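**Q** Listed in order, the protein sequences are those of chains Z, P and A.
The opening residue of the first sequence carries number 522 in our numbering; numbering runs sequentially from there.
The opening residue of the second sequence carries number 11 in our numbering; numbering runs sequentially from there.
The opening residue of the third sequence carries number 930 in our numbering; numbering runs sequentially from there.
Treat the hints as calculated values from the structure; they're not laboratory data.
Keep in mind the model is a prediction, meaning the values are calculated, not measured.
For each residue, glycine too, the CB sits at the ideal point set by N, CA and C.
Hints should not be assumed to be uniformly reliable.
Now the in silico label distances, taken between C-beta atoms and shown as ranges [claimed, not checked]:
1) K115(P) - F531(Z): 29 to 37 Å
2) R644(Z) - E1023(A): 53 to 61 Å
3) F1092(A) - L259(P): 45 to 53 Å
4) F1092(A) - R573(Z): 48 to 56 Å
5) S738(Z) - L1012(A): 31 to 39 Å
6) P299(P) - G540(Z): 29 to 37 Å
7) F297(P) - R732(Z): 31 to 39 Å
8) A1073(A) - S276(P): 29 to 37 Å
9) F297(P) - F1097(A): 30 to 38 Å
10) F297(P) - E1023(A): 14 to 22 Å
11) E1023(A) - N179(P): 22 to 30 Å
12) E636(Z) - Y1145(A): 52 to 60 Å
13) I19(P) - D585(Z): 55 to 63 Å
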Amino acid sequence: MLKLTEIDTFYGDLQALWGISLEVREGEMVSLIGPNGAGKTTTLQSITGLLRPAKGSITFDGHDLLKVPPDKIVDLGVSMVMEGGRVFAGMTVLENLELGAYGSRARKERFETMEHVFKTFPRLKERLNQRAGTLSGGERQMLAIGRAMMSKPKLLMLDEPSFGLAPILVDAIFEMVKGINKQGVTILLVEQNVRAALELADRAYVIENGRIVGEGSGEALLSYESVRSAYLG
Amino acid sequence: MKKNLSFVIALVVTAALAAVPLFVKKDSLLTYLCMILLYVSLASSWNILGGYTGQVNLGHSAFFGLGAIATRLLWFAGWNILLAMLVGGLLAIAFALLIGSPAFKLRGAYFTIGTLALGQILYATVGNLFPQISSMPVQDLISYTLVTRYYLFLAVALITVLAATLVANSRWGLGMMAVREQEDAAESLGVNAFQHKLLALVLSAFLAGLAGGAFAFFQIGYYPQYPFSPIWTLDSTMMAYIGGTGTILGPIIGAIFFVVLKEVLSLNLAEFHPTVFGILFILVVLFLPGGFMGLWKRIKDKQQKKRESMAELSHP
Amino acid sequence: MLQPLAQNIIYGILIGALYGLAAVGLSLVFGVSKFLNVSHGELLMLGGYASFWVFKLLKIDPFLSIPLTIIFLLLIGFIFYRLIFSRLIKLEVEKKIQNSLLVGFGLSTILQNVALRLWTADDRSITTAYSGLSFELAGLRLPAVRLISLAISVVALISLQIFLKKTFTGKAIRATVEDWQSASLMGINIHRVYLLAFVIGCALAGVAGTLVSICYSIDPSMGLNWTLKSMVVMVLGGLGSMIGTFVGGIILGVTESATAFFIGGNYRLIAGLLLFLIILIFRPQGLFGTKEGDR
Ligand SMILES: Nc1ncnc2c1ncn2[C@@H]1O[C@H](COP(=O)(O)OP(=O)(O)OP(=O)(O)O)[C@@H](O)[C@H]1O
Ligand SMILES: [Mg+2]
Chain Z
522 MLKLTEIDTF YGDLQALWGI SLEVREGEMV SLIGPNGAGK TTTLQSITGL
572 LRPAKGSITF DGHDLLKVPP DKIVDLGVSM VMEGGRVFAG MTVLENLELG
622 AYGSRARKER FETMEHVFKT FPRLKERLNQ RAGTLSGGER QMLAIGRAMM
672 SKPKLLMLDE PSFGLAPILV DAIFEMVKGI NKQGVTILLV EQNVRAALEL
722 ADRAYVIENG RIVGEGSGEA LLSYESVRSA YLG
Chain P
11 MKKNLSFVIA LVVTAALAAV PLFVKKDSLL TYLCMILLYV SLASSWNILG
61 GYTGQVNLGH SAFFGLGAIA TRLLWFAGWN ILLAMLVGGL LAIAFALLIG
111 SPAFKLRGAY FTIGTLALGQ ILYATVGNLF PQISSMPVQD LISYTLVTRY
161 YLFLAVALIT VLAATLVANS RWGLGMMAVR EQEDAAESLG VNAFQHKLLA
211 LVLSAFLAGL AGGAFAFFQI GYYPQYPFSP IWTLDSTMMA YIGGTGTILG
261 PIIGAIFFVV LKEVLSLNLA EFHPTVFGIL FILVVLFLPG GFMGLWKRIK
311 DKQQKKRESM AELSHP
Chain A
930 MLQPLAQNII YGILIGALYG LAAVGLSLVF GVSKFLNVSH GELLMLGGYA
980 SFWVFKLLKI DPFLSIPLTI IFLLLIGFIF YRLIFSRLIK LEVEKKIQNS
1030 LLVGFGLSTI LQNVALRLWT ADDRSITTAY SGLSFELAGL RLPAVRLISL
1080 AISVVALISL QIFLKKTFTG KAIRATVEDW QSASLMGINI HRVYLLAFVI
1130 GCALAGVAGT LVSICYSIDP SMGLNWTLKS MVVMVLGGLG SMIGTFVGGI
1180 ILGVTESATA FFIGGNYRLI AGLLLFLIIL IFRPQGLFGT KEGDR
């Protein structure tokens, strides 16, 4: 479904990704793990068009994503939740959700989709006319995921959804992500919470210094010595 | 070697400029050279703060104006012109010190609009306080000689360029450039950003004040408000940008280009001279951040590379 | 003493509405794209001249010519954006503000020069049959054209507010102001949002210009002061709030007229600029409400 081949991405003169290749198949839940500054966010942003790789190719459902303008990528069914959620704090929950369905494909069905999102995140329905900036951390993350779901994605990418949340909330968020995956949405998950990410995922990639250094099923990586010592302590 | 060459060229140019009045007898041509020298002083002094230190100052005319107004008053009161100019420069410094610490609380574009507002405040205030045109007294008119003015402008331009060169090549200059590139990084390396900015401001103000003094000595009649007009700031900024900010030659080239272009256009497009210059300025900001000097450097680098690759080819 | 003071304050409120209108345009553009367009005052001047000439040559009532002014400035805005400002989009925020300011100055030099050559340095103002009309209220004079202008400013502002709050496009603009990266991920074409905000800003300047040419007067060198006034108001009102900006305009108008009353008419401009500097220095960072995600 999603295939990255030999991606190089730069920030100005600074190269952040070195020949990244990875693949996500339909219906899978794939994790991308690695230390701080490894290039996880950069990888996701290269897929969504926020950054443009200098070399390599990215295809999604047969489309060459490097040729698609950033605002049209979401229309193809790729959605991303950024680090920290990045909800529009000055706008209401409802407006945030509406904007999630901004693309022409999703806009027509936004009312039905919203009902669907409320089933996953009932809390959002209670907060509909509240400014997103006044939500709690967990609620914000729910809103961010709900907003991404509003675009009816085939592939949902999440950048550290558990970051900064209390442990109970972390579990709840992971449950929800699992639920979304069960509904048939393919997931690419970036996490610092390595154990949870590996337990949850069908497969995982390990990235360090902008290079993929490991790949395998979640279970296999969990038992893998170097991963254990590096990330699980 | 290269330094010596520059020095010799500078000396020759200076000597040539000093000799000009011996050969040029036409007033119009001499006036024209005076304008170039004035603009060289303005653009080069602007460049110390705006180019080398990266603090784009849109209130430069305030210093020019203060220098002019003080010099004019003292000179008319019977002071020696050089002494009067010195006081003009000192007044500009006093103002720079007054505004320095609040102004440098502002960073980047905020500093720029802050100085713009400051310049406009002075412009309006002087207009209110001195609404009458200031004309040279008859005895000064009778003794008026253009050549004296020419030498004064030349002296101010030389002092300005020399001061800019000395500062740019000193430790202070390095600090200023560090502040321009990355203020926080400079601070962490032990460069006191505020001190460097303040020094640049004071120097820039003093030199602009001297230029204002020369202008007050040169111009026969004008409204005291006129040297405070934002037009002087804009022209200085544009000249520095077009020639190349943060270089010694840039503002000089920009100033010469400015006056020559004005003259060339006067053949058929004189009235649209600001338009042409405005377009050029926009083009430089958008496409040629280093101005003419940057372009020159780029061409030279390319040739250098070509030469190197040729050399590699012939000596494998 | 009280009567003239009250009269002065009223004039201050009436001109303040125009300051507010002018500033809303500048603030919208800055909020969305971080372009500090210092040729805003010249755009306002163009709007004024457009209505002036349409009135003079075609005898079209200046208030009725506002739609023409809007179209004219949308067009000008489109051209300027495409030719110039669009090339600054990729820069990082600091550099973007700085460079937009510089090209704005280039533009303002050009527009000033062109206006001077085409239309001379004369002050112009539109005098219609009803220009002298005014109402009396408790002994205070309320000139009709200025009242209508106040009403038009308020209507323009409310329309803008409704557009921003209620339409999908308006919401896209607000989202882009808050966080352009997130907005882009929603499928919002932020380049189109930038363009749209820019031309709307220009159109607002144009409307303000028309009103200025009816109530007061215009001339080729008016631009810089109107830009500065708009910036003062933008800072006073705080970014992102249209109502706040409008109120800021009124505050500036009243400050100016109070200064004129107590100190002298020549010090109006200086009072506003001093106010600006004071705010600038005491609130340097939070000034234009730069929020997270501005990079
Ligand atoms: N805007 C930027 N400009 C320059 N360099 C950047 C920028 N963003 C990231 N980098 C660099 O690129 C590299 C990869 O960063 P990235 O944000 O992708 O890491 P990450 O794996 O997401 O880390 P974290 O777990 O901390 O979020 C880092 O070395 C970082 O310093
Ligand atoms: Mg990251």
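**Q** Hint by hint, note whether the structure agrees.
**A** Taking the hints in turn, this is what the structure says about them:
no.	hint	result
1	K115(P) - F531(Z): 29 to 37 Å	35 Å, holds
2	R644(Z) - E1023(A): 53 to 61 Å	39 Å, violated
3	F1092(A) - L259(P): 45 to 53 Å	51 Å, holds
4	F1092(A) - R573(Z): 48 to 56 Å	32 Å, violated
5	S738(Z) - L1012(A): 31 to 39 Å	55 Å, violated
6	P299(P) - G540(Z): 29 to 37 Å	32 Å, holds
7	F297(P) - R732(Z): 31 to 39 Å	36 Å, holds
8	A1073(A) - S276(P): 29 to 37 Å	48 Å, violated
9	F297(P) - F1097(A): 30 to 38 Å	36 Å, holds
10	F297(P) - E1023(A): 14 to 22 Å	20 Å, holds
11	E1023(A) - N179(P): 22 to 30 Å	28 Å, holds
12	E636(Z) - Y1145(A): 52 to 60 Å	55 Å, holds
13	I19(P) - D585(Z): 55 to 63 Å	56 Å, holds
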